[in-house]
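Next come the chains, spelled out residue by residue.
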Amino acid sequence: MTTTSLTMAKALNAGLRKALENDPKVLLMGEDIGKLGGVFRITDGLQKDFGADRVIDSPLAESAIVGTAVGLAIRGYRPVCEIQFDGFVYPAFDQIVSQVAKLRSRTEGVYRMGIVIRLPFAGGIGAVEHHSESPEAYFAHTAGLRVVSCSTPHDAYWMIQEAIAHDDPIIFCEPKCRYWEKGDVDLDNPGRGLFEANRVREGSDVTVVAWGPSVKTTLRAAEVAATEGRSVEVIDARSVAPLDLAPLVASVKKTGRLIVVHEAPPTASMGADIIRRLSEECFYSLRAPGLQVSGYHTPYPPARIEDAFRPSVDRILDAIDRSMDYGL
Amino acid sequence: MNESELVQLVSPEGERVRHPDYESSLGVDEIFGFYRDMTIIRRICNEATSLQRQGELALWAPVQGQEAAQIGCGRAMTEKDFGFPTYREHGIAWCRGVPPLNMLRLFRGVSQGGWDPQHYRFSTPTIVLGDQTLTAVGYAMGIQKDGTDEASVAFFGDGASSQGDVSEAFVWAASFDAPVVFFLQNNQWAISEPSTLQTKIPLYRRAEGFGFPGIRVDGNDVLAVYEVTKRALENAHEGGGPTLVEAFTYRMSPHTTSDDPTRYRTDAEVEVWKHRDPIERTKALLVREYKYKNSHFEEVREEAEAIALKLRDDLLSLPDPDPTFIFDNAYAAPHPLIDDGRRDMIELGVSSVTS
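Sequence order for the protein chains is Z and G. Heads up: take any position in the first sequence, counting from 1, add 1, and you land on our numbering. Heads up: take any position in the second sequence, counting from 1, add 8, and you land on our numbering.
It is worth saying that the hints were derived from the structure and are not from the lab. Keep in mind that a hint or two might mislead.
Unchecked claim - If you want the ones that stay clear, here's a sample from chain Z, every Cβ over 10 Å from chain G, calculated:
1) 28
2) 54
3) 69
4) 74
5) 105
6) 109
7) 147
8) 199
9) 229
What the hints assert, rightly or not - Only pairs whose alpha carbons sit at most 25 Å apart, straight line, appear in this in silico DSS-like list of lysine-lysine:
10) G:301 with G:291
11) G:282 with G:299
12) G:238 with G:88
13) Z:19 with G:282
14) G:301 with Z:26
15) Z:26 with G:153
16) Z:36 with G:299
17) G:238 with G:301
18) G:299 with G:318
19) Z:26 with Z:36
20) Z:49 with G:88
21) Z:19 with Z:36
22) Z:255 with Z:217
23) Z:49 with Z:36
24) G:153 with G:291
Said to hold, decoys possible - Derived, one-sided and incomplete: chain Z residues facing chain G with beta-carbon distance under 10 Å:
25) 37
26) 38
27) 40
28) 55
29) 65
30) 114
31) 125
32) 190
33) 191
34) 192
35) 196
Backbone N, C-alpha and C fix where the C-beta goes; we use that ideal spot for every residue, glycine too.
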């Protein structure tokens, strides 16, 4: 077993490098990803090693980044699009929803839409407006797409490679506030499949589901809760769409309590959807209603007060208390 | 319209017109072939309109008036080229070999596409207009990477020319020198909105601002459209990058069978364009120059009639897909919601009552 310690940014870079090495049809495209290596340096050095023909600095047009990726995919390429920030994906929304998601179905299986759209998403870096959003539910809602999010350098390294090799289009949500945090990466074994959830902490009192940036926050909350005698089970969903439901069902049947943590606003969110599905699957095991700890139903706030918007350890602990208070 | 801006090789009366840069390379058999193509596609369109009126199609987007633009371009395209159409490119589809029945599958409501786009090297219709221009540019970038001498063709109209995606496609095509021909059919009307609402300058001149050549051709002159498109494609094949071809034409029919053009345009305007009819013009050339007789034209008419009748029969016996068809190609790999949905539908049985 070869294990190395990398930041998530470096792990993504290494994963992209492997993908470029393994398949000559893999292309990276996006704004500033070549010479600059991307504004987060995720593609650092890749243009130098693989050429400007495969690591493409694109004009500033997100709809065109995705729209031309569609044509390249039809031609047999595997484009990996970098959208510079979450809030810049909306100009490409039409191409993603109307073409990327539907062309395989429209052509009755002829077109392969093996496209990855990388979104540095969510907040926590003190950015200006449009640089901190969590748009995963928009894409999860659209049939034809898959949505995944990595929470550790190990998962980042493997999930990006698995996403690129996959034949369906994938929205790849990268928690930008975790880019610079280090973790062990097993270079030989991914450990689990791209669409599988991961129980990252075992517990018996309450199940907390999270993904991306919220996994670490939730684990911290679970540690604090443990000092108060509460046993919190934490599941990293990893695949937001489709959900890996079976381990969630097993966990909630065991604990009888469910909390979902994410940064997106609460309405029509993935948290709401997970609660809906588990309410049906685990109805007779539930001892409290499913709760969400999420952003508020407001635009993302200015940086100085963003911590009041994002799910915090305290808000997760509060939700655990509220869930336990039902006492059923 | 400033006539001097427009490439024309045959006048509306069927007389040859000299042009400094273009001359027709076509022999009489090819010209008669184009006449046949145009006549057949108009007949197919009329049959489809009748089928819609009889409740057999949900909708139809007629191509009447634009046959020369489409047949001229469609016949200029080679095996090497790949087209990205809207829902009105029936003439191009015909030239690519798409069977007429497949053109109707979308409008019959048994498919969201209609044919195998890789087989015909012709994509299925894009309905969100403008999107397909970016697809065509991306495909052309793929051609470049493969180092082959192919080209892609993006089809759109005066209406879609206002879409942001079309401007983005122009930028990208220029920046990457992509082997793409933007084939713009300016049929003067985007449903009820005149092309003057979309643009203050002739549309072909937009290309110059993006850094590649644009040219306007008489879209009702099949010989001119053929030569202009052929040269633009050859330029792309040879690595010369993109060209915008504006085929200046007219939509004689409604936008679709749901449209009522009497609410927004005058009979007098339609009359003017009737005199420029692309099929009559080609017929006049064949009579004037090649002494073609009524028997030649009658033979084509009968062939078109037979194709239309067969199309009607085939359409009416086209089976509806099994409802579980919706699950078949939503994803390439297994997906739990697809499996759940299919199982539910099969277990519950399918009711046709939804309201």
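Quick rundown of the hints versus the structure:
no., hint, verdict
1, 28, "violated, 8 Å"
2, 54, "violated, 6 Å"
3, 69, "violated, 3 Å"
4, 74, "violated, 8 Å"
5, 105, "violated, 6 Å"
6, 109, "violated, 5 Å"
7, 147, "violated, 8 Å"
8, 199, "holds, 17 Å"
9, 229, "holds, 36 Å"
10, G:301 with G:291, "holds, 10 Å"
11, G:282 with G:299, "holds, 23 Å"
12, G:238 with G:88, "holds, 12 Å"
13, Z:19 with G:282, "violated, 62 Å"
14, G:301 with Z:26, "violated, 56 Å"
15, Z:26 with G:153, "holds, 10 Å"
16, Z:36 with G:299, "violated, 66 Å"
17, G:238 with G:301, "violated, 29 Å"
18, G:299 with G:318, "violated, 31 Å"
19, Z:26 with Z:36, "holds, 21 Å"
20, Z:49 with G:88, "violated, 33 Å"
21, Z:19 with Z:36, "holds, 19 Å"
22, Z:255 with Z:217, "holds, 23 Å"
23, Z:49 with Z:36, "holds, 8 Å"
24, G:153 with G:291, "violated, 44 Å"
25, 37, "violated, 17 Å"
26, 38, "violated, 20 Å"
27, 40, "violated, 20 Å"
28, 55, "holds, 8 Å"
29, 65, "holds, 4 Å"
30, 114, "holds, 8 Å"
31, 125, "violated, 31 Å"
32, 190, "violated, 21 Å"
33, 191, "violated, 16 Å"
34, 192, "violated, 20 Å"
35, 196, "holds, 9 Å"
In terms of the numbered hints stated before, the structure departs from hints 1, 2, 3, 4, 5, 6, 7, 13, 14, 16, 17, 18, 20, 24, 25, 26, 27, 31, 32, 33, 34, listed from lowest to highest.
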